[in-house]
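As you go down the protein sequences, you meet chains D and X in turn.
Letter 344 of the first sequence, counting from 1, is numbered 344 in the numbering used here, and no numbers are missing.
Letter 12 of the second sequence, counting from 1, is numbered 12 in the numbering used here, and no numbers are missing.
No lab work stands behind these hints: they were computed from the structure.
Hints are not guaranteed to be accurate.
[To be verified] Straight-line C-alpha distance at most 27 Å; calculated DSS-like pairs for lysine-lysine:
1. K29/X to K354/D
2. K100/X to K29/X
3. K100/X to K67/X
4. K100/X to K408/D
5. K354/D to K436/D
6. K408/D to K354/D
So you can see what is in the structure, the chains are spelled out below.
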Amino acid sequence: MSALPLIAHDQPTAVVAYRHGRPISAAQFLHDVHALAWRLPAGAHVLNFCADRYWFAVGLAASLVSGKCSILPSTHTPEVIRHLRAFAPDVFCLSDDPQCPIELPQLLCTQPAVALNGSARAPVRFQVPQIDAGQLAAYVFTSGSSGTPVPHAKTWGRLVQCVRAEMTRLAPIDPAQCAILGTVPAQHMYGFESTVLLPLQSGAALCAERPFFPADIAAALRALPRARVLISTPVHLRALLTAEQALPELQLIVSATAMLPANLAREVESRYGATLLEIYGSTETGQMASRRTALEDQWWLWPGVQLTLSDGQCSVHGGHVEQPITVADVLEPTDAEHFVLHGRTADLVNIAGKRSSLAYLNHQLNAIPGVVDGAFFVRDDSHASLAGVTRLAALVVAPRLDPAHIIKALRARIDAVFLPRPLLMVEQLPRNATGKLPHHTLVALTAQAAMQQPHLFA
Amino acid sequence: MSEHALPTQTTPHIDALALEREIAQLIVKGLNLPLQPEDIDPEAALYGEGLGLDSIDILEIALIVSKQYGIQLRADNQENARIFTSLRNFAQYVAEQRIK
Numbered sequence: 001m002s003a004l005p006l007i008a009h010d011q012p013t014a015v016v017a018y019r020h021g022r023p024i025s026a027a028q029f030l031h032d033v034h035a036l037a038w039r040l041p042a043g044a045h046v047l048n049f050c051a052d053r054y055w056f057a058v059g060l061a062a063s064l065v066s067g068k069c070s071i072l073p074s075t076h077t078p079e080v081i082r083h084l085r086a087f088a089p090d091v092f093c094l095s096d097d098p099q100c101p102i103e104l105p106q107l108l109c110t111q112p113a114v115a116l117n118g119s120a121r122a123p124v125r126f127q128v129p130q131i132d133a134g135q136l137a138a139y140v141f142t143s144g145s146s147g148t149p150v151p152h153a154k155t156w157g158r159l160v161q162c163v164r165a166e167m168t169r170l171a172p173i174d175p176a177q178c179a180i181l182g183t184v185p186a187q188h189m190y191g192f193e194s195t196v197l198l199p200l201q202s203g204a205a206l207c208a209e210r211p212f213f214p215a216d217i218a219a220a221l222r223a224l225p226r227a228r229v230l231i232s233t234p235v236h237l238r239a240l241l242t243a244e245q246a247l248p249e250l251q252l253i254v255s256a257t258a259m260l261p262a263n264l265a266r267e268v269e270s271r272y273g274a275t276l277l278e279i280y281g282s283t284e285t286g287q288m289a290s291r292r293t294a295l296e297d298q299w300w301l302w303p304g305v306q307l308t309l310s311d312g313q314c315s316v317h318g319g320h321v322e323q324p325i326t327v328a329d330v331l332e333p334t335d336a337e338h339f340v341l342h343g344r345t346a347d348l349v350n351i352a353g354k355r356s357s358l359a360y361l362n363h364q365l366n367a368i369p370g371v372v373d374g375a376f377f378v379r380d381d382s383h384a385s386l387a388g389v390t391r392l393a394a395l396v397v398a399p400r401l402d403p404a405h406i407i408k409a410l411r412a413r414i415d416a417v418f419l420p421r422p423l424l425m426v427e428q429l430p431r432n433a434t435g436k437l438p439h440h441t442l443v444a445l446t447a448q449a450a451m452q453q454p455h456l457f458a
Numbered sequence: 001m002s003e004h005a006l007p008t009q010t011t012p013h014i015d016a017l018a019l020e021r022e023i024a025q026l027i028v029k030g031l032n033l034p035l036q037p038e039d040i041d042p043e044a045a046l047y048g049e050g051l052g053l054d055s056i057d058i059l060e061i062a063l064i065v066s067k068q069y070g071i072q073l074r075a076d077n078q079e080n081a082r083i084f085t086s087l088r089n090f091a092q093y094v095a096e097q098r099i100k
């Protein structure tokens with residue numbers, strides 16, 4: 001089996017990361033990686049919870065050189081952690097937060113490495129570790145429909161192959177000359193690939209911070225002393241435009257996690273004078289296609305990735321995709337290398353880049369003691385907020401519970417972005433003869449409830 | 001609070017309450033919250049438990065106050081921990097920082 005380098009930076013002084021605009025060299029990075037690898041406990045599974053992207057990358061690399069597998073759930077509710085413990089009983093949590101709330105054995109990665117610091121160590125020869133392409137690097141998770149998160153195994157070779165394909169799409173910019181700033185967490189598949197693996201494998205510098213407010217994004221970009229790439233989402237891009245936020249010069253803007261409307265893409269390009277590349281991917285497949293949304297409708301597949309359509313289901317294989325994978329979206333191939341995206345299948349929900357399924361959310365709602373029946377549904381875009389986000393609504397039959405109790409119970413089970421707004425108490429759900437709940441009847445019942453409980457629809 | 005006893009503080013205090021109410025209305029409307037503005041406990045935490053807002057909500061609030069009051073919120077602001085502890089503290093911050 002072939003081996004692939006941990007990082008593409010081949011000089012000890014090459015910049016691997018910036019924190020607040022200050023460079024961190026490849027030599028320092030490898031020092032931190034080996035120091036942390038030495039401290040990792042025996043377990044083979046590492047829940048990498050580091051919020052600081054540099055420490056996340058150190059944790060990932062230390063896990064790789066120790067033959068350990070990173071566990072990357074997209075959400076960290078007590079319910080998900082409970083499932084992860086069952087999935088990998090030896091899992092421990094690697095965090096950069098001394099008050100980390102995750103209920104797992106903890107290792108604080110930012111602690112000084114006592115055994116290494118203070119000793120007068122001779123400078124070690126700069127040598128980039130090689131990682132076996134077949135090594136299991138990470139498990140990422142989708143929510144599944146039965147209430148149990150579904151693991152997807154990612155080998156080092158396939159992850160590297162995927163982001164190397166992404167690199168070819170960033171042309172004509174030279175990633176090795178750029179700093180890559182992300183507004184998405186490193187634990188999210190898109191953030192994992194584009195804000196951590198892409199810089200490590202292209203020789204670019206990653207940015208430790210994850211700016212949040214529009215003014216933070218501008219300040220973090222201004223602090224970077226070299227060409228800048230912004231890895232973001234429709235929510236953050238819309239927020240930048242809404243806040244009329246000025247940004248320093250950008251080489252490239254990348255968006256993923258949710259469909260970016262073409263008019264928003266054009267507005268971003270003209271406001272910030274940079275090309276906007278939109279990426280299509282999923283947790284199961286990883287990134288697999290891109291398009292210049294301001295100018296084109298069709299998506300261009302990564303080299304070697306192919307689509308097959310049968311029985312209305314689209315499956316992906318080839319390239320970095322190991323086994324054929326059925327995609328949850330409705331894709332129409334237009335030729336061997338392109339497709340048109342017609343939207344998501346009805347069950348999927350995506351709120352500000354967090355993905356779940358109505359089946360999963362309904363399962364969690366109905367698992368709450370005292371809930372007799374309940375259903376989530378997607379509201380139409382007329383309810384979208386300033387940042388362009390539309391929340392879910394839920395109808396619940398639970399004669400002995402009050403809504404606040406149900407929200408509290410849901411909070412322990414599902415990510416907060418999926419909490420229903422509003423949650424409406426009803427006497428029964430309008431199920432049809434097959435037990436299904438047609439969307440239009442849910443909307444009608446909601447409208448009716450809105451008349452009776454107008455304060456819920458302020 | 002002892003300043004309540006001082007007559008000179010009465011006018012700003014009424015203004016502060018009005019601003020608090022105005023911000024509560026903006027938040028409830030902007031975030032589609034299933035409650036009435038006066039249901040927000042001015043002393044309860046905005047984030048997490050309490051009012052139960054999440055990070056997208058906080059981003060929305062940043063957009064609302066930038067539009068309405070010309071304030072740019074920053075995550076690395078030392079005051080942030082205090083600002084979001086309650087509607088009352090948030091309203092006070094807006095009163096201090098607003099430029100429109």
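Task: Violated hints - listed by number, lowest first - done: Per hint list: single violation, 4.
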